[in-house]
Amino acid sequence: MTEAVVVDYGAGNLVSIEQALVAAGASVRRVVTAAGIGEPDLLVVPGVGAAQPAMDRLREGGFVDPIRAWVAADRPFLGICLGLQLLYEGSDEDGATTLGILPGRTIRLEGAPTLPHIGWNQVERRYGHPVFEGVAPDADFYFVHSYVGAPAGPGADGVILAETEHGTRFVSAVARGRLLGVQFHPERSGANGLRLVANLVRLAGAA
Amino acid sequence: MLRRRVIPCLDVANGRVVKGTNFVDLVDEGDPPELAERYAREGADELVYLDISAAPEGRGTLLDIVERTARRAFVPLTVGGGVRSVDDMRDVLRAGADKVSLNTRAVADPDLVTRCAARFGSQAVVVAIDARRVPDGTPGLPSGFEVVVKGGREPVGLDAVAWAVRCVELGAGELLVTSIDRDGTKSGFDTVLLRAISSLVPVPVIASGGAAGPDDFVTAIREGGADAVLAASIFHRSEYTIAQVKAVMAAAGLPVRTLDQEASA
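Residue numbers (the working numbering), protein chains in the order written: chain A, 98 to 304; chain B, 1033 to 1297.
In case anyone wonders, no lab produced these hints; they're calculated from the structure. Even glycine gets a Cβ: it sits at the ideal position worked out from N, Cα and C. Each hint should be verified, as a subset may be incorrect.
Unchecked claim - Label-pair ranges, simulated between beta-carbon atoms:
| id | chain 1 | residue 1 | chain 2 | residue 2 | range |
| --- | --- | --- | --- | --- | --- |
| 1 | B | Glu1271 | A | Gly135 | 46 to 56 Å |
| 2 | A | Gln149 | B | Glu1066 | 38 to 48 Å |
| 3 | A | Asp254 | B | Lys1182 | 50 to 60 Å |
The following block holds chain A by itself, in its conformation from the complex (with noise of 0.2 Å):
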């Protein structure tokens, strides 16, 4: 059975992407120090709310080297929403240094016509990712943000899987390796993000 761990820094609701793992066959722990992760066969970085706060909480939890060296050994890694953006080297929203992970900062999503983008919207991939498998082509998500990570600089390009639009264009799901950052929420996004999970976990099972 896939094991996945899911690190809980206090950002909010866990049990729905708990839940939708253990839809998708996986076996889920929550761990709140970096010294219970273990050896799961993936690691999930949820999350909503603000930067600095959630950065705090990730360094009194021993997670941030952690978390690190997992991507830089290219392990099976989710991160949803917050989690996706901490990835990146800073954030706009209350100037914080976030993981540094990927190239490019959290931006506010200028140009849109109603802030926070909430609700949901069609997510446009760039190439075939077996993540997406069986997901069709206009499928939505569910979103609930007013930052967005933008990919800026070497190796920028390379990471974006999918954009989406409000008013401008955004990223809404980035790739690189075996790395899956994704804006949008797949634990609240009914069927599609139910297969994305399904998809996620057969694919981390398989590594």
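For this one, chain A is given, so just place chain B on it according to the hints.
Okay, now just chain B, sitting in the frame of chain A:
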């Protein structure tokens, strides 16, 4: 393109879905998670639980049903009613809700909106505004709409449109705007109220109060500028399905999420 949302609202008391008139003569309409899952399967874009439990012991029961809902309905869940503190909000989110809705408490303690947004982000904080029309020229109420609290029973002398703008400044990420005049009357949404608010705030506005049929959803969005539409009785009484409402919205040219592009999980 961002879809216009259709959101069924479930009134919950002591762990059961109930429906009554002005919160009296409550009729038991079933188990919340069961109904929630059914609505999610039928295409609800989000779900709202409004806790109208009179007794404080209803709280533990509410957290239990939120958790049971998060286990089976994989769409966003907002919980309103009874959140009085940042700790209350934390408990509701940890049980599996994505947002809380503040109403009477936000009026009594506006700083609560700011504290909740600072802790969990604006996107998790909905302020519910219940409003009623007042005669033109009423002093202190230039928009012609007044905020009422406690389930619509108590006017508070606050201009509803000014309050909406203030809520966003305080940190609300979304506004749920209910016309108390229209609520339960099946006479359509108050598009004047909706437009007055949606034209002034950047955040999404959810229209509530007065839905009689699918055409009203279109009007709330077209004329009211609403981003989403909430309704209770027309869904609970099976007068219309969510799919029927969305079909009318799509025919009117509004972007909606349909289930024909759903993956088989």
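Hint by hint, here is what the structure shows:
{"no.": "1", "hint": "B:Glu1271 <-> A:Gly135: 46 to 56 Å", "result": "holds (53 Å)"}
{"no.": "2", "hint": "A:Gln149 <-> B:Glu1066: 38 to 48 Å", "result": "holds (41 Å)"}
{"no.": "3", "hint": "A:Asp254 <-> B:Lys1182: 50 to 60 Å", "result": "holds (55 Å)"}
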